[in-house]
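Asker: Each chain is listed here by its residues.
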Amino acid sequence: MDRLEYDVVVIGAGVSGSAVARELAKKERRIAVLERESDVCEGTSKANSGIVHAGFDAQPDTLKAKLNVAGAKLMKTLSKELDFPYKQNGSLVVSFEEDGRERLQELYERGEKNGVEGLRILSGDEARALEPALSDEVKAALYAKTGGIVCPFGLNIALAENAAVNGVDFYLNTEAEKIECGQGGYRILTKEREFLAKVVVNAAGVHADTFHNMVSGHRLHITARRGEYCLMDKKTGGLVGSTIFQLPSANGKGILVTPTVHGNLLVGPTAENIEDKEGVNTTADGLARALKVGARSVRELPVRQIITSFAGLRAHEESGDFIIGEAEDAAGFFDVAGIASPGLSAAPAVGVYVANLIQARFPAADRADFIATRRGIPCMAEASREERMRLIAENPAYANVVCRCELVTEGEILNAIHRPLGATTLDGVKRRTRAGMGRCQSGFCSPKVVEILARELHKDMGEITKSGAGSVFLSGYNKETMGASI
Amino acid sequence: MRQDIVIIGGGPAGLAAALAAKEAGAERILIVERDKELGGILNQCIHNGFGLHTFKEELTGPEYAARYIEKVERERIPFLPETIVIDIAKGENGEKEVTAMNKERGLFVIHTAAVVLAMGCRERPRGALNIPGFRPAGIYSAGTAQRYVNIEGRMPGREVVILGSGDIGLIMARRMTLEGAKVKAVAELMPYSGGLKRNIVQCLDDFGIPLKLSHTVVDIKGKKRVEGVTLAQVDENKKPIAGTEEFIPCDTLLLSCGLLPENELSLNLGISLNPATSGPYVNESFETNVSGVFACGNVLHVHDLVDYVSEEAAAAGKQAAAYVREAAGNGQSETEVVCREETQVVLEAAKGVRYTVPSTLNPLRMEDMQLIRFRVDDVYRDVFLKVYFDDTPVLSQKKRVLAPGEMEQVRFKKEQIEAFPKLKKITLRIEKEAG
Amino acid sequence: MEKKEMICINCPLGCVLTVERKESGEVTVSGNTCPRGAEYGRTEATAPKRVLTSTVRIRGERGRVVPVKTAVPVPKEKIGACMEALKEAEVELPVQIGDVVMKDVAGTGVGVVVTKGMGE
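Protein chains in written order, with our numbering: chain R, 1 to 486; chain C, 487 to 921; chain L, 922 to 1041.
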């Protein structure tokens, strides 16, 4: 069995793991990221609201409050450095009751304490002046100017790619099965390899408790809290400009209605604690509930324009806060656990925070050659005429449209495949380029994308998968198993 | 690049429109096609049954397409393959600017007098049906599966459940069975099938494939690849009935749940769409509300017979040619200008009728025989199709059966309409009594 | 006496046909609304036939196929045998519409022809 030595091994290439890896790479360290799936951004990071919360929800002095506000502040700069879609669109928490004002006031004050700038309480009419689609039921609202939206895949992939460019080794399809404490470090066992590292970063999402409990006597217990969403056609994205929350409940921030950074309309999530930590299935009840509750916020929720629905699992830890830091009884084992909402908003700050904790305990020298910026994949759909001409001149494949709904070209798909940590699956291409994310949901483009992947990766079409092992698209040739049914 | 008529789409509609425009005397005609070859979706419809009306014989899809492609080649009508139109805009002097891209020419603009929209339609995806469950590999629209099996020679799966009994789903039930798959069931939400009787008999009954009416998929199992689906019966409101769930192990779910005209380009151009068809409102000349832009085929309304697509597209092509002639260098005569501005007769789809094509008509411009196509909103037995000119009943046609899956038509002679000089509205409705 | 029920496919009406075959060999159809229904019932009950459409492999290519059909309808019960026979068939490009892939498929006496020109 291969034995590989690193200074730091990060478990999980979600947004938190990737943010930590990139931040750690600013110092002289050998870093590996282990990801059980075939791509980065395959768990909680891929199925959430894509919201950059302003930061008034969490109780003051919690990690959630601190890292949310800090993360939101870093997001804009980071989106420029790493070239991923982000927009500060503002958010509204709406109340349907007259006495909701008091609770909005509480949120307002909490926000002030957390350091959120630009909060305002609005009357129902003021809120409707801002968002004409808001329902007449809205009696008052808290407006947060700094609320934003981000492409969750864009952020996660950008962080991971940039980490990879800076020398972080990503091991995909590599599931950590066991962690053992040894002299001066940890031994992480996977099916094919064994990793040795002084420092382990446990960013394993809903499974972070499993890894933590392998090395620490202070037990963690993470519950998978499922959130179901409906995504609507781009022609509905203009319904609201800002993100519309309802007054929060015990189970989370409730069901929101928001434009996505790409111009779709998103409604969700529900909140349901489930046993199965892989239970990312949607349910009839959940989807119905998301739509029913969401419909209360706006005048006419365009339910007929749904193009897809999905579910994600938030990693909810009993304490209610993020669990970030070195385990008390396991030196060098750093948890980044319980990263439920606002985990996406906090991610940039989580990276910095964890890297600082590790630097304090395991100092390493600065690197002079760290590359802080990254160019994303060009986007023909949003490019200007001149930009389109330039790209086509560079490579005519940019004139060959593969996904009609989202206007994604072969050029963009080739770029997605051949860049660092490039796409190897249909979902990988989809999350990097949006091919298949439009209204036909890949009906037309999937055969073409499969063909391009096969050609570029020198594989047979039959080997191309949707999302890694076990998810093949095709099962052999015509007439191979004939005779049974005729 | 400058053209008289740009036809967007080289499928059956675009081909027939191009030929008719040429025959009507149009000169500079260009077909823009996104695929490598002409023929559109017919290329993957390798089953037979096409062309009974047009050629009085049963052809396969590629054979039907070939008849038109040969003529287009003979007429030397140029076409741009692997070219996608990304925008149509109004230019100066009533001209249209078609922006397109391909590998050879990059990004370019075609200036043209007239445009014929013939982009076809796409299949309704899973999301639009909001089927709960996991999102593994193994869920395909029936058309995607058809492409794999009929062009790539590859099987999308081995054990199949099909949701929706539209014709493509039924055809694929047979195709996949013949090629070695086991099709376990076809579930249909409605109490009747959306497909042709002939397909139910020859694609399902011939192979003992059960058709489960008033059933739908309520769950999809399998995290990486489909492992099975749960079917349930639905009540009259199409809600699943608890206790009727049945799990069927399978590795593939095909969706054949309807087609949607593909009108993104039309919308950007400011063309008004009929919510009943998701296609443009057109007049007797198949002209949309944007003058000089015509629509035909499945982008206008979803057809069940390609013969009707060809017929309709030919009419649209001919009218596009007439438009170009009129628009050419002030050649417009006074009367023609008046004609264009004449108040239109509105066609109203009343009780039982979902829509009509066209939705308006100008008696001065109509052909000697005006064809009105429509669909009904439910299955009707032993009823009468009634047509009123304003309040005057002019037609009462006995119908043994009418079904939403079958496009219907009714014809009027020009004289019939001219006999009502002040006609404002033509109403179609389904009634129980002959009265 | 043999009795079969079937649905007529000629039009959307979908008449339920009852086809009876007397010992004398005479076949009667009832339930039909028009003569086409009677004709359909008679053929379906005595000698149902179908045009079979499928694909055959292109020599030297993985997967890609050429569409084909039987030149005329073949007996329904022979469809399985025809498919077995097509399993072995291969064509070489280019092909034209009407090119004969097989002269007599599965002993039906019917040829299999190409339905799409490819590879020019």
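Take these hints with a grain of salt, some might be off.
Okay, derived cross-link-like pairs now, DSS-like style, lysine-lysine, Cα gap no bigger than 27 Å in a straight line [unchecked claim]:
| # | chain 1 | residue 1 | chain 2 | residue 2 |
| --- | --- | --- | --- | --- |
| 1 | C | 508 | R | 459 |
| 2 | C | 837 | C | 542 |
| 3 | C | 542 | R | 292 |
| 4 | L | 1008 | C | 698 |
| 5 | C | 670 | C | 724 |
| 6 | L | 997 | C | 668 |
| 7 | C | 725 | R | 292 |
| 8 | L | 970 | L | 925 |
| 9 | C | 724 | C | 837 |
| 10 | C | 670 | L | 1008 |
| 11 | C | 698 | L | 1024 |
| 12 | L | 924 | C | 542 |
| 13 | C | 698 | C | 670 |
| 14 | C | 668 | C | 576 |
| 15 | C | 668 | C | 589 |
| 16 | R | 448 | C | 899 |
| 17 | C | 683 | L | 924 |
| 18 | R | 459 | C | 589 |
| 19 | C | 698 | L | 970 |
| 20 | C | 670 | L | 997 |
| 21 | L | 1024 | C | 670 |
| 22 | C | 683 | C | 900 |
| 23 | C | 707 | R | 277 |
| 24 | C | 542 | R | 191 |
| 25 | C | 698 | C | 683 |
| 26 | L | 943 | C | 670 |
| 27 | R | 448 | C | 709 |
| 28 | R | 191 | C | 709 |
| 29 | C | 668 | L | 999 |
| 30 | L | 1008 | C | 668 |
| 31 | L | 1024 | C | 683 |
| 32 | L | 970 | C | 670 |
| 33 | R | 178 | C | 589 |
| 34 | C | 900 | C | 837 |
| 35 | L | 1008 | R | 459 |
Which chain C residues face chain R? A few, computed with CB under 10 Å, are given here [as the list claims (entries may be wrong)]:
| # | residue |
| --- | --- |
| 36 | 588 |
| 37 | 612 |
| 38 | 615 |
| 39 | 629 |
| 40 | 630 |
No lab work stands behind these hints, which were simulated from the structure alone. Please read all numbers here as calculations on a predicted model, not as lab measurements. Glycine included, C-beta positions come from ideal geometry on N, C-alpha and C.
Asker: Compare the structure with each hint and give your call.
Answerer: Going through the hints against the structure:
This hinted pair does not check out: residue 508 (chain C) and residue 459 (chain R) have alpha carbons roughly 46 Å apart, beyond 27 Å. At most 27 Å may separate the alpha-carbon atoms for a hinted pair to count; residue 837 (chain C) and residue 542 (chain C) exceed this at roughly 35 Å. At roughly 53 Å between alpha-carbon atoms, residue 542 (chain C) and residue 292 (chain R) are farther apart than 27 Å, so this suggested pair is violated. Distance check on the hinted pair: residue 1008 (chain L) and residue 698 (chain C) sit about 32 Å apart at the alpha-carbon level, beyond 27 Å; violated.
Restraint check for residue 670 (chain C) and residue 724 (chain C): satisfied, since their Cα atoms lie roughly 22 Å apart, inside the 27 Å limit. At most 27 Å may separate the alpha-carbon atoms for a hinted pair to count; residue 997 (chain L) and residue 668 (chain C) meet this at roughly 19 Å. A C-alpha spacing of about 16 Å is found between residue 725 (chain C) and residue 292 (chain R), which places the hinted pair at or below 27 Å, so the restraint holds. The hinted pair formed by residue 970 (chain L) and residue 925 (chain L) meets the criterion: a straight-line CA distance of about 17 Å does not exceed 27 Å.
Pair hint residue 724 (chain C) plus residue 837 (chain C) holds up; C-alpha atoms about 22 Å apart against a cutoff of 27 Å. Distance check on the hinted pair: residue 670 (chain C) and residue 1008 (chain L) sit about 23 Å apart at the alpha-carbon level, within 27 Å; holds. Note on residue 698 (chain C) and residue 1024 (chain L): the hinted pairing is violated, with a Cα-Cα distance of about 40 Å set against a maximum of 27 Å. A distance of roughly 33 Å separates the Cα atoms of residue 924 (chain L) and residue 542 (chain C); the hinted pair therefore is violated under the 27 Å criterion.
In summary, the hint linking residue 698 (chain C) to residue 670 (chain C) is supported, as the alpha carbons are separated by about 11 Å, within the 27 Å threshold. With a C-alpha separation of about 52 Å, the suggested pairing of residue 668 (chain C) with residue 576 (chain C) is violated against the 27 Å cut-off. About 41 Å separates the Cα atoms of residue 668 (chain C) and residue 589 (chain C), which puts this hinted pair outside 27 Å; it is violated. Only pairs whose Cα atoms come within 27 Å are accepted, and residue 448 (chain R) paired with residue 899 (chain C) is rejected, the gap being roughly 48 Å.
Under the criterion of a C-alpha separation no larger than 27 Å, the hint pairing residue 683 (chain C) with residue 924 (chain L) is consistent with the structure, at around 22 Å. Pair hint residue 459 (chain R) plus residue 589 (chain C) holds up; C-alpha atoms about 25 Å apart against a cutoff of 27 Å. Taking the CA atoms of residue 698 (chain C) and residue 970 (chain L), the gap is about 26 Å. The hint holds against a cut of 27 Å. Between residue 670 (chain C) and residue 997 (chain L) the CA atoms are separated by roughly 21 Å; this keeps the pair inside 27 Å, and the hint holds.
Using a Cα cut-off of 27 Å, the hinted pair residue 1024 (chain L) and residue 670 (chain C) is violated, with the two alpha carbons roughly 34 Å apart. Pair hint residue 683 (chain C) plus residue 900 (chain C) does not hold up; C-alpha atoms about 35 Å apart against a cutoff of 27 Å. Between residue 707 (chain C) and residue 277 (chain R) the alpha-carbon distance is near 15 Å, which keeps this suggested pair within the 27 Å criterion. Of the pairs offered as hints, the one joining residue 542 (chain C) and residue 191 (chain R) is violated, with about 65 Å between alpha carbons and a cut-off of 27 Å exceeded.
Straight-line distance between C-alpha atoms of residue 698 (chain C) and residue 683 (chain C) comes to about 15 Å, which keeps the hinted pair within the 27 Å bound. Between residue 943 (chain L) and residue 670 (chain C), the direct Cα distance comes to roughly 36 Å. Violation of the 27 Å bound is thereby established for this hinted pair. At roughly 24 Å between alpha-carbon atoms, residue 448 (chain R) and residue 709 (chain C) fall within 27 Å of each other, so this suggested pair holds. With a C-alpha separation of about 21 Å, the suggested pair residue 191 (chain R) and residue 709 (chain C) falls inside the 27 Å cut-off, and the hint holds.
Restraint check: the Cα-Cα separation between residue 668 (chain C) and residue 999 (chain L) comes to about 19 Å, which is no more than 27 Å; the hinted pair holds. Of the supplied pair hints, the one linking residue 1008 (chain L) and residue 668 (chain C) holds, its CA atoms being roughly 17 Å apart against a limit of 27 Å. Of the supplied pair hints, the one linking residue 1024 (chain L) and residue 683 (chain C) is violated, its CA atoms being roughly 32 Å apart against a limit of 27 Å. With a C-alpha separation of about 24 Å, the suggested pairing of residue 970 (chain L) with residue 670 (chain C) holds against the 27 Å cut-off.
About 51 Å separates the Cα atoms of residue 178 (chain R) and residue 589 (chain C), which puts this hinted pair outside 27 Å; it is violated. Of the supplied pair hints, the one linking residue 900 (chain C) and residue 837 (chain C) holds, its CA atoms being roughly 25 Å apart against a limit of 27 Å. Restraint check for residue 1008 (chain L) and residue 459 (chain R): the C-alpha separation of about 25 Å stays at or below 27 Å, so the hint holds. Hint on residue 588 (chain C) holds. Least Cβ distance to chain R is approximately 6 Å, under the 10 Å limit.
Evaluation of the residue 612 (chain C) hint against chain R yields a held restraint, the C-beta minimum of about 7 Å falling below 10 Å. Taking 10 Å as the C-beta contact cut-off toward chain R, the hint placing residue 615 (chain C) at the interface holds, the least distance being around 9 Å. Because the beta carbon of residue 629 (chain C) sits about 7 Å from the nearest beta carbon in chain R, less than 10 Å, this interface hint is met. A distance limit of 10 Å between C-beta atoms decides the matter here; for residue 630 (chain C) the minimum to chain R is near 5 Å, and the interface restraint holds.
Of the numbered hints given earlier, the model fails hints 1, 2, 3, 4, 11, 12, 14, 15, 16, 21, 22, 24, 26, 31 and 33; all others are met.
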